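*Asks:* One letter stands for each residue in the lines below.
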Amino acid sequence: MNAPGLVLIFAVAVLYSTGFYLLLQRSLMRVVFGIVILGHAANLSLMLTDHAITLPPLLTGKDGPISDPLPQAMALTAIVITFGVTTFLLALAYRVWLGDDNDEVPADLEDRRIGRLSEPEDSS
Amino acid sequence: MLLPAILALHAAVAALLPLLADRFGARIFLLAGLPPAAAAVWALANASGILSGAPVTAGIAWAPALKIGLDFRVDGLSLAMTLLVSGVGAIIFGYCAAYFRADERGLGRLAAIMVLFAGSMLGVVTTDNLFALYVFWELTSITSFLLVGHEDHKEQARRAATQALVTTTGTGLLMLIGFIMLGTAAGDYSISGLVADPPEGGPWLTGALVLVLVGAFAKSAQVPLHFWLPAAMVAPTPVSAYLHAAAMVKGGVYLVARLAPGFAEAGVWQALVLSVGLATMIVGGWRALRQDDLKLLLAYGTVSQLGFLTLLGGAGTQVAATAMIGTLIAHGLFKSALFLSVGVIDHETGSRSISRLSGLGRRMPLLAAVATLAAASMAGLPPLIGFAAKEAALEAFVPGAAPSPPPVAAGAMLAGVALASVLTFAYSARFVWGAFAVKPTVAENRAGAPSPLFAAAPVVLAALSLVLGIAPALVDHLAQGYAHALPAGHKPYHLALWHGLTPTLLLTVLVVAAGVALFLKRRAVGRLQNAMPRWPDAEYGYHLFLHGVYTVALSVTRRSQSGSLPVYLGIILATILALPGVRLVAGLITGGIAVPGPEDGLRIWDSPLELLVATVIVVTSIATVREHRRFPSLILLNVVGFGTAGLFVLHGAPDLALTLVLVETLTTIILVFVLRRLPTTFSVRPDGWGKRLTVLLCTAAGSFIALALWLMTAARSGDPVSTGYADRAGEAGGTNLVNMILADFRALDTLGEVVVLVTAAVAVSSLVLLNRRDRVVDESSAEPAVPAPGNAGGTGEDPGPPGTGALALPVHTAGAEAVGGEPAERDPRRGPESDAADADAEAPEAPEAPEAPDESEGPAGGRRGDSEQGEDSDDER
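Top to bottom, those sequences are chains A and B.
Here the first sequence is numbered in numbering that gives the first Met the number 0, starting from 0 and rising by one per residue.
Here the second sequence is numbered in numbering that gives the first Met the number 0, starting from 0 and rising by one per residue.
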């Protein structure tokens, strides 16, 4: 079997890296952007399983190898699901902004409180 | 297969009892006693067959591949335990019917859990599979926890219940590890197989045995894990009599006795079992001597007897095993009789404190006689079964009488057993004296004699002690059924009242004399006990341990849980790099993972166009990261999406490209709607090591995934599963294979996808529209009055209604000041740039934003835009 082209691999590497970086930001909107980019990266990863440039998987009677339809069907589903997730996250980010006046992910208050404890609260 | 059915009967009756509790009150215990009674009858019916050497077996497959099964095997030892657990259990259930009042809290629950406990305990003593044993074992721990904590409104009860649970299940987990180690070493998880053919010795076996023994010791309250048993005495007295005298605490002893035929030869076994048993026996007896509460006296006595049983069960000789079964039965009978007597006393007088009871012997002559009989059995006096058992126990450790243990150890054991017997005699006498004697310094209790049903249970149990004592051959028959599996002594030994003038009889006389002396000198003993330095308290150790666990947990939590989402995600990425990443690099270095070469189709690109599109994607995605203004960032994100669609086109996936373009467009539209309400820039983290580290981490993680994908794709050797799809799509009359897959081959998946989308749509609309309704309410409340600045600013959450012209202007100014001024102070985490944005916002009249010219700058401006523009956009939708 053929390995995919290096250019494609490089693009996927950059997409994953930038997606991860955005995911690690405090701004919810950038987190959403990160999810969108990671979605692209994942869909391209699915396409990597098919090798070389081929014809679309259409039964039109043309000669030549056609591309594998299965990863395409998966990627198609993934694109649509990513869309749903993105919209939902956006709505959440919007609500956060309505309440907090910014769209940042705050640190967890309970965790911070535990961080300040010097003695266990209940050791009976 | 009758045995599994009896177990199921326990569960069924337990499910039924809570429903009947309201109607029948405490009489439900008579129904609850049926399953244990059935088990006892079953055991008696099968006794002769089992004792003639044909164990009853039954099995229900559970997870055969993992060698886990509900296998049952009832041999001599299991038979003795079953008779004890179910026979004594049935009697105690009858007693409960008289003990509990109809208005007792949670009566149905209590009865149901007791039946469940009886069933679990029956499972423990009859199962032949290590895993099933563990499951039943933990079921007894859990039911015991619920029973000890029955009076859950008392803190003491909750505390004792938790303590018992933590001690027994914590060590139970260690035991499970030991079981697995034993099973893997032997390749067999059946107990009978393991004992018949024990695995080779060595450190592995030693470790396994230590772990198993720790579990058994905790269950049977051996020093230093004995502290939970006296604390568990807060349970109702019948529960204590059943769980903490007759049944559950015998679980550990049972396990020791069960494994002894296979492992008693192991060095660690002898050392641990004999030393722990000896220490427990003496510590328990010594502490029983100083208790004032009759129940606690019995509890420490139980600890002592359990040590005794462990010693006998673990010794691994025929005589010791005979003595062990004898003591097991004797203890089950006399200790539950004594507990039940204490229950009667407590019930009739309201106290069980030695310093408050006086003259009960006169008021309750029958009970006094019964309890004295049981105590005599405990003290080891003829003609009770306790005497026969104690004779056998002394005989077991006469130096030189049996091949093991070696004479010196046997001598030490014998001295220990004799000392413990003296203590036992003394606290037995103290019990009888404390409960029934007339004490000149204490006012006599006025109590009536208990009802016949109430007194029946102790009478039956004590009578059995006497009957079996006069005819010890019955117990001996049972004992030989287990003991024959162990190495024999120099001459056969049987439980009997009279063996002739033997050294052990002389020893018994000495023990009784010393015991009488100890009892008569009880004041001196009390002074001595008070003068002794307090030895390290095991319960204190338990609290220290718990506190340690909490402290470690706190410090781990404090270090590992910063509460910051980016840090958590970063840790996940770092883990990906640390585990599969390192493995991948190692594989590449050692050559374990093949790198595709030119012959495998190594190439730069598939077409020059691909290079162009990929370059666009790379450049724009990096630019998306570096861009801190929202709208340019969004546009760059868009280009990344369209670039990806371009790659799809190049790789023969037009359907994907079309869908992606559509989705990208929709996403962009929605993003614009949201983004124009938000500040125009993202907050920025200052440059520094943190940021550099993040970049490095993300780049490494992205590169790892891409590299792994490359190698995995190259390593693929099978044909795609979709090879035959083309033919079948032709049959179905379709031409577009991707469509065929989505709409035909995998239609159900697509339906699921549609459901996801619908769910997301519902969620999004509810999140967005919820806000709109709030605003409508605000408007209606603000409209009648002329909107004053203070009023608008006061609403806080939603500044001012959308007014017109001159009226609106002061409102907006006030709102902008109130809202825009705050975040800069409130949120110091935000970077300098967003502070600047906030500062801009304080002058809301300055129009600055090129991307959204309709709105003024900053959060405050955005907010005001919400009330003005949001209205329009909502209407548009």
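A couple of the hints might just be wrong.
To be verified - Label-pair distances were calculated between CB atoms; the ranges are:
#1 B:Tyr-567 - A:Gly-98: 20 to 28 Å
#2 B:Val-761 - A:Gly-98: 48 to 56 Å
#3 A:Asp-110 - B:Leu-172: 26 to 34 Å
#4 B:Ala-530 - A:Asp-110: 33 to 41 Å
#5 A:Thr-53 - B:Lys-66: 46 to 54 Å
#6 B:Gly-105 - A:Arg-112: 33 to 41 Å
#7 A:Arg-112 - B:Ile-179: 20 to 28 Å
#8 A:Gly-98 - B:Lys-66: 41 to 49 Å
#9 B:Val-754 - A:Thr-53: 28 to 36 Å
#10 A:Thr-53 - B:Gly-206: 53 to 61 Å
#11 B:Ile-621 - A:Thr-53: 28 to 36 Å
#12 A:Arg-112 - B:Pro-597: 55 to 63 Å
#13 B:Tyr-567 - A:Thr-59: 23 to 31 Å
#14 B:Arg-582 - A:Pro-64: 29 to 37 Å
Since the hints were made in silico from the structure, they are not lab data.
A quick note: this is a predicted structure, and the numbers were derived from the prediction, not measured.
Heads up, the beta-carbon is just placed ideally off N, CA and C, and yes, glycines get one too.
*Asks:* All hints, please: hold or fail.
*Replies:* Each hint, compared with the structure:
{"no.": "1", "hint": "B:Tyr-567 - A:Gly-98: 20 to 28 Å", "verdict": "holds (22 Å)"}
{"no.": "2", "hint": "B:Val-761 - A:Gly-98: 48 to 56 Å", "verdict": "violated (21 Å)"}
{"no.": "3", "hint": "A:Asp-110 - B:Leu-172: 26 to 34 Å", "verdict": "holds (28 Å)"}
{"no.": "4", "hint": "B:Ala-530 - A:Asp-110: 33 to 41 Å", "verdict": "violated (52 Å)"}
{"no.": "5", "hint": "A:Thr-53 - B:Lys-66: 46 to 54 Å", "verdict": "holds (50 Å)"}
{"no.": "6", "hint": "B:Gly-105 - A:Arg-112: 33 to 41 Å", "verdict": "holds (36 Å)"}
{"no.": "7", "hint": "A:Arg-112 - B:Ile-179: 20 to 28 Å", "verdict": "violated (39 Å)"}
{"no.": "8", "hint": "A:Gly-98 - B:Lys-66: 41 to 49 Å", "verdict": "violated (55 Å)"}
{"no.": "9", "hint": "B:Val-754 - A:Thr-53: 28 to 36 Å", "verdict": "holds (33 Å)"}
{"no.": "10", "hint": "A:Thr-53 - B:Gly-206: 53 to 61 Å", "verdict": "holds (59 Å)"}
{"no.": "11", "hint": "B:Ile-621 - A:Thr-53: 28 to 36 Å", "verdict": "holds (30 Å)"}
{"no.": "12", "hint": "A:Arg-112 - B:Pro-597: 55 to 63 Å", "verdict": "holds (60 Å)"}
{"no.": "13", "hint": "B:Tyr-567 - A:Thr-59: 23 to 31 Å", "verdict": "violated (50 Å)"}
{"no.": "14", "hint": "B:Arg-582 - A:Pro-64: 29 to 37 Å", "verdict": "holds (34 Å)"}
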